[in-house]
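J.: Taken in order, these protein sequences are the chains called B and X.
Counted from 1, the first sequence has number 330 at position 283 by our numbering; the numbering is strictly sequential.
Counted from 1, the second sequence has number 661 at position 182 by our numbering; the numbering is strictly sequential.
Only true hints are included.
Which stretches of chain B does chain X cover? Using the computed rule of at least three CB atoms under 8 angstroms from a CB of chain X, they are:
1) 89 to 103
2) 235 to 242
3) 264 to 273
4) 286 to 294
Computed beta-carbon distance windows for the label pairs:
5) X:682 with B:349: 45 to 55 angstroms
6) X:765 with B:342: 47 to 57 angstroms
7) X:602 with B:211: 30 to 40 angstroms
Mimicking DMTMM-like on lysine to aspartate or glutamate, the simulated pairs with C-alpha atoms at most 20 angstroms apart in a straight line are:
8) B:74 with X:762
9) B:304 with X:562
10) B:144 with B:107
11) B:245 with X:707
12) X:743 with B:139
13) B:289 with X:758
14) B:191 with B:210
15) B:289 with X:759
16) X:737 with X:724
17) X:756 with B:256
18) B:289 with B:323
19) B:56 with B:80
20) X:603 with B:305
21) B:191 with B:206
22) X:756 with B:287
23) B:191 with B:345
24) X:607 with X:707
25) X:603 with B:309
26) B:334 with B:198
27) X:793 with X:662
28) B:289 with X:562
29) B:304 with X:570
30) X:756 with X:770
31) B:269 with X:602
32) B:88 with B:59
33) X:676 with X:811
34) B:243 with X:707
35) B:204 with B:345
36) B:147 with B:59
37) B:147 with B:118
38) B:289 with X:724
39) X:756 with B:290
40) B:347 with B:210
No lab work stands behind these hints, which were simulated from the structure alone.
In this text the structure is predicted, and so the values were computed from the model without any measurement.
Ideal Cβ positions, reconstructed from N, Cα and C, are used throughout, including at glycine.
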Amino acid sequence: MTTIPPYLKPGDTIGILCPAGFMPLEKAQTCIETLTDWGYKVVTGKTLGHQFNYFSGTDEERLQDLQQMLDDESIKAILCARGGYGTGRIIDRLHFKKFKEHPKWIIGFSDITALHSHIYKHYKIASMHAPMAAAFNDEEYKNKYVQSLHDALIGRKADYVVEGNILNQNGKASGILVGGNLSLLAHLIGTSSDVKTKNKILFIEDIGEYIYNVDRMMYQLKRSGKLEELKGLIIGRFSEMKDTTIPFGQTTEAVIKDIVKEYDYPVCFGFPVSHDKENYALKIGVKYKLSVTTTSVELKES
Amino acid sequence: MNRKHFLSTIIPIAAVSTAFTGNEPNTDLDFKQNIPPYLKKGDLVGIACPSGFISIEECAPAMNKMIEWGFNIRLGTTVGARDFTFAGTDEERAKDFQQMIDDPLVKAIMLGRGGYGAVRIIDKINFKNFVKNPKWIIGFSDATVFHLHINSNFGIATIHSKMCNSFPDDFSKADQTQIDSIDSIRQCLLGNQMQYKAPANPENRYGQGTGVLIGGNLSIIQLLCGSDSEIETKGKILFIEDVGEYLYKIDGMLWNLKRSGKLKNLRGLIVGGFRIKPDDPGEEFGKTLTEMVLEKVKEYNYPVCFDFPVGHIKENYALKCGMKHHLKVSVDGTFLECL
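Use the sequences and the hints to build the structure in full.
T.: See below:
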């Protein structure tokens with residue numbers, strides 16, 4: 048049974064920090080203002096606006112910032128301002144004792160997949176795969192994807208109905224949702240943060256990968272038994288994909304289709320979970336119903 | 480790096496050295512090396528392409544050189560075949576490789592090139608005949624799939640080395656290190672005693688270790704994690720190399736190895752050539768490869784060396800995966816010996 052952290056009430060405090068790559072403070076400004084408009088108090092961690100080479104701080108600084116927000120009972124949710132790379136470097140040094148006693152929402156995607164998987168695997172506490180600070184900029188805080196984060200935070204149950212895709216494998220399924228960034232999920236295989244996918248609905252997305260690399264990561268998922276016993280599979284968007292000088296000869300979607308066509312559970316392609324603005328808030332560890340046809344897809348929180 | 484002053488050399492020794500005095504207890508006495516028969520003059524070497532495509536012309540230098548070594552050559556049906564980046568469809572590549580494995584006349588299989596594709600066919604290959612009558616599988620990069628799969632499942636030795644596409648068109652114009660690297664394949668195939676030296680690196684961690692050698696391309700090692708082909712590193716000497724990856728990606732892969740316990744019980748760690756993709760502007764990672772490696776292994780005591788001549792570099796000596804080696808890393812440099 049998954050523990051659901053308390054949903055947020057007006058006046059609750061959200062902490063913003065960067066556990067991985069650095070982000071200038073001004074790029075998080077709209078996010079902070081929007082969260083304030085939503086009625087929350089916002090506190091910023093030391094790692095927001097801080098930089099140590101690629102990272103938002105040394106491993107120790109990032110660790111300390113995240114640890115402090117995990118432990119601080121007055122903080123009801125932690126929004127990771129940015130992914131990038133680096134969460135996996137500190138994850139084994141985090142202590143979740145207080146977090147376990149007082150669960151709170153961890154929000155983010157991309158590199159934050161490491162945290163989502165780790166927390167669900169070890170503590171069965173739900174977390175939120177959702178837009179981060181940059182998604183609020185350029186007036187985008189008004190779009191339905193950022194708004195879906197607000198809905199999720201106040202406990203409104205999601206019911207996403209999106210367009211179908213000719214590649215979809217029709218069917219209905221019900222199961223706990225897990226997933227995130229494909230590269231991260233692949234990097235977690237074999238580690239203690241690796242989530243079991245049996246009887247789950249899995250979702251994946253990625254950015255900036257070579258098509259052949261998506262192919263081999265999908266083979267890794269398949270060969271490590273991660274695809275076999277799913278209830279359903281949600282393929283998000285694969286943004287800014289690259290091809291080799293000699294073309295791979297297939298699109299990313301076709302590559303994935305080739306690998307999953309042998310399974311009889313529902314599979315949908317092009318679901319709005321991605322590094323683009325199309326990125327609905329999804330609660331990892333929470334039960335959803337998935338209904339897939341080639342004309343439409345519905346993902347509904349049970 | 481100052482390789483010019485410390486040319487790595489291979490010293491073939493006619494007889495197997497018995498003078499070795501390792502100071503470590505041999506904890507795996509039950510380990511029996513499964514070594515395919517070494518080659519004799521006139522033996523048949525097959526060329527197959529389970530991954531990327533290569534033309535017959537591009538394989539000619541390798542064919543000519545191996546004929547010069549006294550071997551006969553059989554070209555697989557995938558040499559010169561092409562399906563986009565692959566040397567034929569999955570079925571064609573699997574069939575060709577299967578035939579090479581099953582044919583008792585073929586004593587060794589050299590891969591045409593790496594690229595990508597081995598993982599797509601590995602589960603289609605039936606190794607029954609191979610286990611009964613082992614033969615040498617030769618290659619690197621994507622061929623790491625075969626090294627790891629074969630070593631983890633069958634404990635049969637394989638040769639991690641250059642393959643057809645790394646033979647120069649004109650040997651008279653090639654670097655001596657490249658010529659030596661290619662000749663080391665011949666020495667491995669003939670069963671010569673293999674020894675390798677690498678220059679001292681101030682960041683090396685000194686020590687000695689004895690264990691079965693295993694490794695290859697870091698990306699492939701990570702991508703096989705969780706599968707039937709997953710690397711087994713316990714009690715072994717691990718070598719890693721990679722090409723064209725960002726530093727942050729390499730860091731992520733090293734964390735995967737560490738967090739999945741694969742760096743814990745090593746007898747030694749050999750870091751070969753890493754051709755790293757430069758950081759994007761504004762995304763400077765700020766850590767060197769040596770720093771990244773050393774921070775992962777700081778709590779362990781085995782020797783660690785850098786700049787070992789293995790990888791996507793000119794100096795890429797043939798290493799026998801699955802065979803016991805002794806590694807010594809000292810102020811004088813790195814010394815690796817196949818026992």
